[in-house]
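Novice: Residue numbers (our numbering): 1 to 328.
Think of the hints as simulated: they come from the structure by calculation, not from any bench. Check each hint, because a few of them may be wrong.
Stated by the list, open to error - Simulated crosslink set (DSS-like; lysine-lysine; CA at most 30 Å straight-line): (1) K121 x K107; (2) K323 x K107; (3) K323 x K121.
Just so you know, these numbers come straight off a predicted model, no measurement behind them.
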Amino acid sequence: MNGPPTGRSSAQGPPVDGSVRTVLLASPRSLCAGVERAIETVERVLADRGAPVYVRKQIVHNVHVVADLRRRGAVFVEELDEVPDGETVVFSAHGVSPAVRAQAGRKGLRVVDATCPLVTKVHVEARRFAARGDTVVLIGHAGHEEVEGTLGEAPRQSVLVQTPAEAAALEVDDPARVSYLTQTTLAVDETSEVIEALRDRFPALSGPGSDDICYATTNRQHAVAGIAAAADLVLVVGSVNSSNSVRLVELARRQGTPAYLIDDAGGIEPGWLRGARVIGLSAGASAPHHLVEEVIAFLRGLGPLRVREHRHTTETVRFAPPKEVRTP
1 MNGPPTGRSS AQGPPVDGSV RTVLLASPRS LCAGVERAIE TVERVLADRG APVYVRKQIV
61 HNVHVVADLR RRGAVFVEEL DEVPDGETVV FSAHGVSPAV RAQAGRKGLR VVDATCPLVT
121 KVHVEARRFA ARGDTVVLIG HAGHEEVEGT LGEAPRQSVL VQTPAEAAAL EVDDPARVSY
181 LTQTTLAVDE TSEVIEALRD RFPALSGPGS DDICYATTNR QHAVAGIAAA ADLVLVVGSV
241 NSSNSVRLVE LARRQGTPAY LIDDAGGIEP GWLRGARVIG LSAGASAPHH LVEEVIAFLR
301 GLGPLRVREH RHTTETVRFA PPKEVRTP
């Protein structure tokens, strides 16, 4: 964008011709069932056992969620070495490897496992493929906590692939015995390209019975795709370490629409809004709903605003809490 066309404001306010700015609100957006379950798990442990409650890694990837739980007594640690023996520890929604579980046992920790059930599904698949002698190819992002946990299920038989080029160059002991899995928060279209490259390389490639990319990630991507083409600008509420939030920004940009990731309304740069009559708005699966409402309130404070919801689908998925915090 090279500057505001005639008739629009030169700053963040509404168009100077008096027209109403429109927000296209993607739906579904914000918290998914797995994230809600994880947050509620920490809240229940705090209510039942009191502070401190230790949490390995961020319970979900959102700075506001983590800050709120920290104020209430959650102590976030990088590794279990930081947790005193015998204390309670919550495993995050992203899952952990068997090695981490074994360490918790050695330290006598009381574990509450908030791993998303859809991540657990991938772990089960990794063990199943490895048990039958396959090389397990995990498509994902290096260093992500979910990826580290999944690779840890069968470390000697697993390999991480991130791009089609890496898939095309992959060497394995037995090309006839290769299976693939994916991180749950990847971009659907980009992941398909990697899978196709793997199939070209290994025609006998096996995969999971159902997609590993979770329903919430897929739904939010489809919803953003539905608004990006009609918007002058897309804003995605989410933190920089939230894989699914980053994917939404990338998706909008691939459609040619300027898009930005913000933690909250305070992250909006005035220059982004210059000349934007239609603003697409979504939030990653780990971003609380109230942050979206605050963005809308901020935009409404700049001038007349119309909010239109673009609904891709209605989510009805709910997950039971971990057994350690279920009420009788």
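Novice: List, from low to high, the hint numbers that the structure doesn't satisfy.
Specialist: As far as the earlier hints go, not one is violated by this structure.
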